[in-house]
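K.L.:
Residue numbers (our numbering), protein chains in the order written: chain A, 1 to 513; chain B, 1 to 391.
Bear in mind the hints are in silico, worked out from the structure with no lab data behind them. Honestly, I wouldn't trust all of these hints.
Simulated restraints on C-beta separations [what the hints assert, rightly or not]:
(1) A/K289 x B/K284: 30 to 36 Å
(2) A/D82 x B/L4: 57 to 63 Å
(3) A/P336 x B/I381: 53 to 59 Å
(4) A/P407 x B/L3: 56 to 62 Å
(5) B/G174 x A/E379: 50 to 56 Å
16 Å max Cα-Cα, derived EDC-like pairs, lysine to aspartate or glutamate [claimed, not checked]:
(6) A/K235 x A/E76
(7) A/K393 x B/E146
(8) A/K358 x B/E205
In this text, a Cβ means the ideal position worked out from N, Cα and C, and glycines have one as well.
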Amino acid sequence: MSWGVHGMSNYILEMNNISKEFVGVKALSDVNFKVEKGEIHCLVGENGAGKSTLMKVLSGVYPYGTYSGDIVFNSEVQQFQDIKDSVNKGIVIIYQELALFPDLTVYENIFAGNEIKSKGRIDWNKTITSANEKLKMMKLDVNPETLVKDLGVGKQQLIEIAKALSKNVKLLILDEPTAALNEDDSENLLTLLKELKQQGITSIMISHKLKEVIAIADKATILRDGKTICTLDAKKNEITENNIIKNMVGREIEDIYPKRNYKNFGNVALEIKNWSAYDPSLGRKVVKKANLQVRKGEIVGIAGLMGSGRTELAQSIFGNPKSYGIEGELYIDGQPKQLKHTYEAIAAGIAYVTEDRKGNGLFLLQDVKQNITSANLQEIASRGKINLNEEVKIAKQYKESLNIKTPSVEQLVGNLSGGNQQKVSIGKWLFVKPNVLILDEPTRGIDVGAKFEIYSIMNRLIEEGMSIIMISSELNEILGMSDRIYVMAEGEIKGELPIEEATQENIMEMATA
Amino acid sequence: MKLLHEAKGMLKSNIREYGMYIALLVIMLTFTILTKGLFLSSRNISNLLDATGYIAVLAVGMTLVIVIRHIDLSVGFAAGFLGAIAAIMLTQMGVSVWITIPVILILGIVVGCFNGYLVAQLGIPAFVATLAAMLIFRGGLLLVTEKSGTILVKDEIFNAISNGYVPTITQVFGLDLLSLVIGLVVIIIYILSEMKSRKDKIKYEFDVMSKGMFTIKLTFISLIIAAVTYILAGYNGFSWTVIIMLVVAVIYHYITTSTVIGRHIYAVGSNPDAAHLSGINVKKITFFVFGSMGMLSALSGILFTSRLQSATTTAGTLFELDAIAAAYIGGVSAAGGVGKVTGSIIGAIVMASLTSGMNLLGVGVSYQYIIRGAVLAIAVIFDIMTRRKSA
């Protein structure tokens, strides 16, 4: 296919001088964003740079009139009043949080809200046939009669795309589609996007994973502080990690991982031997005969794909909130311990920062100070009465030392950006003054700048003699931060690597063994 | 000028909280005008507050139950049933009132913990568990009142709980002296505690309200307490019901705003999974909240039985829905984690004011239900709108 280069514009989408203001805050100012037909265009920027806002303007979530500037789609000026208008024109957004119905089948999900009707009744036969067509088009090997909840997260994400295809999508927008996916599933998704590109579908992808951007983008537009910084072109070899980061943060970051000069390992702080966890709801062991130890002043990385039992291992150590059947021994500072509840684990000096800060980490309806003190209220209470002033003081200290960007410690945590929420989550667990800190995906879904800050905090804690266990799906992060690495697969610890011997290749080999 | 600016800021950031007080004020003013002052008469306000008592204490407990994302449908008939047991103990068994009351309150806690057990330990949805309990208590109430029908209570002390007033020592200018003293003491305690809290904040070098604003606030609240005292002192003074209601409000306000267990309750309501992972014993909190609800049901039963001076076969009918409505009007969020006990008490007073005002105006009972339903809907809509704005 060739598109006319001369005269007529090649652009399927032009957003010109878009400005959008929330009460007192300019979220977008004079943003220009142009997407050519048939390309994969990545939109990158730190959290709060305005990417999501821009996409919400485009899709009509913020209706015409609430922003200024023009949207030209397919050479027509558009004035979307709501999402329906943009969907009718062929613009479909897929959000980070999947909007699927877990208890319905794949084909019901694909056509949910877009049912094939004849005479007012749903034509199920036709629905199943068309669902099959879409799945085939995507080279996706899934039985359309499967319930969505029985599919993995990766496949579910692809079903979302199938759903978009059922709406005759012309411009597909993906908001961090791989944030929750492991490397394999991410790979599949990116392949699919290229496949769709062949079929003439234009995609816009928001992503924090620079590797992906480099691998897939024809163009990348970078936003910072609500302004367009530049658009990089793959054909001109402009899309490089350095180039993106430089423009994203407005400063050079030589190394994404801050240097740690201090290495001084002490005694073993926590050790498990022959540790198994049986999940009664799944009817199988999620952790099998694991042996692991972490010393004072050490960062131990746990690598592995999603579903390899990393989170289950961490939670089974941390007071076993899911009530697994536990076998094996747990030693803290050499003393055997049995931790039956999370409060016993906390008392034993363990803290666990969850991978899902919104789901089970933070109290979004409560403010920053209440979140920070929530796991250790006893510290600021006497005879059951909380010293509310002391609470504010402590919260302010953490706001300062962790550089939490919030107007005040009375701000609801739900109103903060992802990176700042993560800092609150870490602050909450630092306030219990743990000896062993378990971080489960500590930088998921947060931007490069905030990542760097969190890594620096980790280094500072290590110098203070804390032990850190870091679970991560990002191999770079594992390699960049750990002193020693355990690799998990299928609930087992498949191997242990000193950092000097670890490479992406040998980790992946163990993880997929 | 600066003060006005500060007041504006305060009003803006607390619109949801103040909204309810303003609504109550508007309702009271409207009825006062429509009834040519009758509504605001000492006698009417006194009766109105006494009629609120047994619902208000339920609403306080219900607030916590809804905050932790549950519901308790059994409270109405639990109150009716426990009230009947109290009547039986006092009359047929001849137990002293000083033993009866604590026994009934403890029975209430037991009943509540049973609900708590079904919900927390067995994981039965609270709606179903307490619906079952509601049917059981209804049956129990009919069973114990079957033989005798209405049980008349003749114990004077017991009946005084909902019909008596603090003793009149003497009157000054036709006002009850002891009540005036109580009002004065409340004002003094209020001002002292506010000043101490301000001093503490300054010690911590936190921002505080400007001195002018602080004085205005103290004066304003003191005037309201004084006005209520004045009105009540003009009739029979503070009734024991009002005193009980105040004590329950103060205790629960303190628990919810200043204690570890209170904070844990809101944490569980805000995000139960996160609460568990924060080392909070979610089951224990659930037991506590249902146990407290049971105790307040018992208190409500005592207040109602005392008010009627008898236990009837239908006592407690629909109390639970009145309590739930009061809590929602008071700004409790159905999604959990948000709500204040003071709000729920105001919610109960709003409902009682509507009933009282409409009764004075001679509005038919059918219209009364419709209007109360509309007010409930408007309150919840207002709550959701303001919440959306602040998010």
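K.L.:
Now look at each hint and say whether the structure bears it out.
P.N.:
Hint check:
no. : hint                        : in the structure
1   : A/K289 x B/K284: 30 to 36 Å : holds (34 Å)
2   : A/D82 x B/L4: 57 to 63 Å    : violated (40 Å)
3   : A/P336 x B/I381: 53 to 59 Å : holds (58 Å)
4   : A/P407 x B/L3: 56 to 62 Å   : violated (23 Å)
5   : B/G174 x A/E379: 50 to 56 Å : holds (55 Å)
6   : A/K235 x A/E76              : violated (28 Å)
7   : A/K393 x B/E146             : violated (61 Å)
8   : A/K358 x B/E205             : violated (33 Å)
This entry does not satisfy hints 2, 4, 6, 7 and 8, going by the numbered hints stated previously.
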